[in-house]
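Residue numbers (this note's numbering), protein chains in the order written: chain A, 1 to 135; chain B, 136 to 445; chain C, 446 to 667.
Simulated from the structure, these hints should not be mistaken for lab results. Among the hints, a few may not be true.
[To be verified] The list that follows gives simulated cross-link-like pairs (lysine-lysine, DSSO-like), each with its CA atoms no further than 27 Å apart:
# : chain 1 : residue 1 : chain 2 : residue 2
1 : B       : K347      : B       : K359
2 : C       : K651      : B       : K256
3 : B       : K362      : B       : K411
4 : C       : K610      : C       : K655
5 : B       : K359      : C       : K651
6 : B       : K256      : C       : K655
7 : C       : K651      : B       : K370
8 : C       : K610      : C       : K452
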Amino acid sequence: MDREAARITIFFCQQVDSEQETNRRAIERELGDRIRFFPLPCSGRIDTLQLLRAIEAGADIVYLVTCSRGACRYREGNIRAWKRSAYARRLIEEIGLEGERLEVIQANERQTIDEITRSLLTRDIHVGPSPLRAK
Amino acid sequence: MSEESRLKRVLSAGRFAVTAECGPPKGADPEAVRKKGGLLKGCVDSVNVTDNQTGVVRLSSLAACVLLREEGFDPVLQMVTRDRNRIALQSDILGASALGIRNILCLSGDHQVFGNQPQAKGVFDIDSIQLIQVVRQMRDEGHIIGGEKLTQPPDLFIGASENPFAEPAAYRVARLAKKIGAGADFIQTQCIYNLSRFGKWMSQLRDKSYDKRAYILGGITPLKSAKMAEYMSKKVAGMDLPEEVVARMKSVPTSEQRKEGIKIAVETIEALREMKGVSGVHIMAIEWEEVVPQLVEEAGLMPRPSFGKE
Amino acid sequence: MITAERKPLAEIKAMIAPYSKILLAGCGTCVAECASGGEKEVSLLASQLRMDARMEGREIEIKEITLDRQCVYEFIDQLTSLIDQYDVVLSLGCGAGVQAVAEVFQKVIVLPGLNTTFIGETKEAGIWFENCRACGDCKLGLFAAVCPITRCAKGLLNGPCGGSKGEHCEVDVDTPCAWQLIVTRLEERGRLDFLEQVHPPVDWSKSQGKGPRKILREDQKN
Chain A
1 MDREAARITI FFCQQVDSEQ ETNRRAIERE LGDRIRFFPL PCSGRIDTLQ
51 LLRAIEAGAD IVYLVTCSRG ACRYREGNIR AWKRSAYARR LIEEIGLEGE
101 RLEVIQANER QTIDEITRSL LTRDIHVGPS PLRAK
Chain B
136 MSEESRLKRV LSAGRFAVTA ECGPPKGADP EAVRKKGGLL KGCVDSVNVT
186 DNQTGVVRLS SLAACVLLRE EGFDPVLQMV TRDRNRIALQ SDILGASALG
236 IRNILCLSGD HQVFGNQPQA KGVFDIDSIQ LIQVVRQMRD EGHIIGGEKL
286 TQPPDLFIGA SENPFAEPAA YRVARLAKKI GAGADFIQTQ CIYNLSRFGK
336 WMSQLRDKSY DKRAYILGGI TPLKSAKMAE YMSKKVAGMD LPEEVVARMK
386 SVPTSEQRKE GIKIAVETIE ALREMKGVSG VHIMAIEWEE VVPQLVEEAG
436 LMPRPSFGKE
Chain C
446 MITAERKPLA EIKAMIAPYS KILLAGCGTC VAECASGGEK EVSLLASQLR
496 MDARMEGREI EIKEITLDRQ CVYEFIDQLT SLIDQYDVVL SLGCGAGVQA
546 VAEVFQKVIV LPGLNTTFIG ETKEAGIWFE NCRACGDCKL GLFAAVCPIT
596 RCAKGLLNGP CGGSKGEHCE VDVDTPCAWQ LIVTRLEERG RLDFLEQVHP
646 PVDWSKSQGK GPRKILREDQ KN
C-alpha cells in the first residue's frame, strides 16, 4: 500500500531515547492520527495483548522498537519482547492476517525516536490496508 | 501327558544348548511358519517364536508355536505384557500348556510406538518380572493372581531375557537376581559382540552363584554387512558393538562380509562354550534363518542331543 | 496442576460458528498457570475472534470473564446473572471446569476451548512436565519420588526395560528413563534394597474401569 496512507503504531523502549517525549512531537504534529506512539519503560514490558489490540484498533503496521541485543538495561527485557512479538505474529497469522504487519526493530544507540521513526516511514509497505480499519 | 521341555532336558543333562529365533509372518499362511521351521530342523534344541515383535502385527506366537510343535520342534512361546491384560495372559498360559508348549519367555515388549499400530493402547497391566512370578505360581503352587486354585497347573519351563549391556549398567546384575528370584529357570541374553564385557558380567553372576540357579544362554546375531554393524553400534539401544568389530567387518570387501560375520559369530559361540557358567547360545538370525545350521555346524555343536524316541 | 492447551483456532471457530453472543469464561487457577486459559488468554482469544469476525463481516459479541476456579460452584455462580444474555459459553477451563459449568447451567451450551492434557509440574517458565496419573494408590515412597507409572512409558514397577538409550527412554530421546532416575536416586541414598522384592501387579481397579471416581466426606458437607 501507499506509505503515505499507512496507519502506524509504534511501541518503543524509552531507554532508546531519553528525550523521546520532546523528540516525537514534530512527527506527531505532521502525521496526526496516522501515527500513535506508546512508550515503554523497557520493551520487555510489552504484553502480547497490547500488540493484538493495536492490530484490532486498525493499525496497518505495528512496530516494536527494542534496544539491540546485549544492550537491554534490564538484561533480558528485549529478549522477552522478541518472544512475545513472535507469539503475537503467530496469533494474527492464525486469523489470516500477514505476520509482516507486526515487526520488531532493534535500535542502535545513536538514534533518536524521531530518526528511527522517519527511517521507518521511508520503508515500502508490502501489505494492503488493514481489513480491520473502521469503514 | 505330553513330554517335558526338550530345552530343559538338554540343559539339565549338562549339555551346551542351542536355541534360535523364528519370526512369524505378517499373514495367515501356516506354510510360511513351517518353511522357516524347516530351515532350523535338526540344528537347534528349541525355537523361540516372537510375539508381535517391535509392535508389528504378525501371526500370533501361540499359533506359530503350535504349528512348529506339529513339525516336531520344542517351541519357546515368547509372551509380552504390552498387548494383553492379566486375564488374557493367564488364560494363554493355560492354553499354551494344554497345546503341549513347554517353554515360555516372559517379556515386557517393545513399546507400541515403534510398530505399525502406534495408536494402539499399550496394555502393560503387569510387567515382565511380575509375569515370571505369575507363571511360576501357576506352575508350582497351582493358583492364579489372587490365589484362586487352578484345576490343573500348567507345565512350563520359564525364561526371561536380560541385557548385560543396557543402562543403568551397575544395576543389571541385581535385576537378573530379581528375575531369578521371581522364578526364571533360564535366561537368554541380548546379542554379544563385546566378549570381555560379557565375561565381566558373567563373573559377577558367578560370584553370587546365579549361574547355578538359572541357565544362562548367550545371545548371538551374525552380522550380514559392515553397514549392519555400523547401524547396530550407533543406532540400537542397549547394544554394545565395539569399534574393532565394525572395523573388522569394514576391512573385507562387501562380497565377503557375510562370511566374515559368520566367522565372528562362530568365534563368539566358541568363546561362550569356554566361559564358565554359560549353558548355551540363543541365535537370533532375523530374516537369515538359513545361516543357523552353518553356525551350529562350524561351532562344532552338531549333532544336537537326542533323547530316545525323537 | 492440570495442564491444557488451547485448541487450534479453526476448531474453536467451527464450534462457535452458529453463535454470535459468546460468554468466554477463563479460569484463574491451573490453566492460568500454564498460560492457556487464564485472564490473559481469554483476552487474546477474544481479540482474535473479534478481528476474525470483522474481517468476515460477521457480528460477534464476546463477554470476557475469568473465574477464580471453574470447578467450584461458588465461583461458577458468578456467571448466573450473565448467562441468559449469551448464546453459548466458550470455556477456557480444563475438562473439569467445562463440565462443572455445564452441570450448573444444564440448559446452556458449554463448549471446550482447550484440550486438557495432564497433571504435572511447572519445571520452569514455559516448560511443563507430566508427573502424575492419579492412580489412586500412590507408591512414590517406594521409588524415590519418581512415579514409574507416569514417567516410565511402559509403567513398569520392576524396571528398567532393556530398551533405554543412554539415560533416555526408548520412546523419546528427550525423556529421561524413569528407572534410570529411580535406581540412581535409591543408590545415592543407599536404599537399593527397595528394589530387591518383586513389586506386585498394580491394582488398576483403583483408577480406571469403573467409570468416574468420587470422594465423599461427611465431615466436609454443609
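Checked hints:
Between K347 of chain B and K359 of chain B the CA atoms are separated by roughly 34 Å; this puts the pair beyond 27 Å, and the hint is violated. With a C-alpha separation of about 19 Å, the suggested pair K651 of chain C and K256 of chain B falls inside the 27 Å cut-off, and the hint holds. Note on K362 of chain B and K411 of chain B: the hinted pairing is violated, with a Cα-Cα distance of about 33 Å set against a maximum of 27 Å. With a C-alpha separation of about 37 Å, the suggested pair K610 of chain C and K655 of chain C falls outside the 27 Å cut-off, and the hint is violated.
Using a Cα cut-off of 27 Å, the hinted pair K359 of chain B and K651 of chain C is violated, with the two alpha carbons roughly 50 Å apart. Simply put, K256 of chain B and K655 of chain C have alpha-carbon atoms about 18 Å apart, close enough for the 27 Å limit, and the pair holds. In summary, the hint linking K651 of chain C to K370 of chain B is not supported, as the alpha carbons are separated by about 39 Å, beyond the 27 Å threshold. In summary, the hint linking K610 of chain C to K452 of chain C is not supported, as the alpha carbons are separated by about 33 Å, beyond the 27 Å threshold.
In this structure, the earlier hints numbered 1, 3, 4, 5, 7 and 8 are contradicted, and the remaining ones agree with it.
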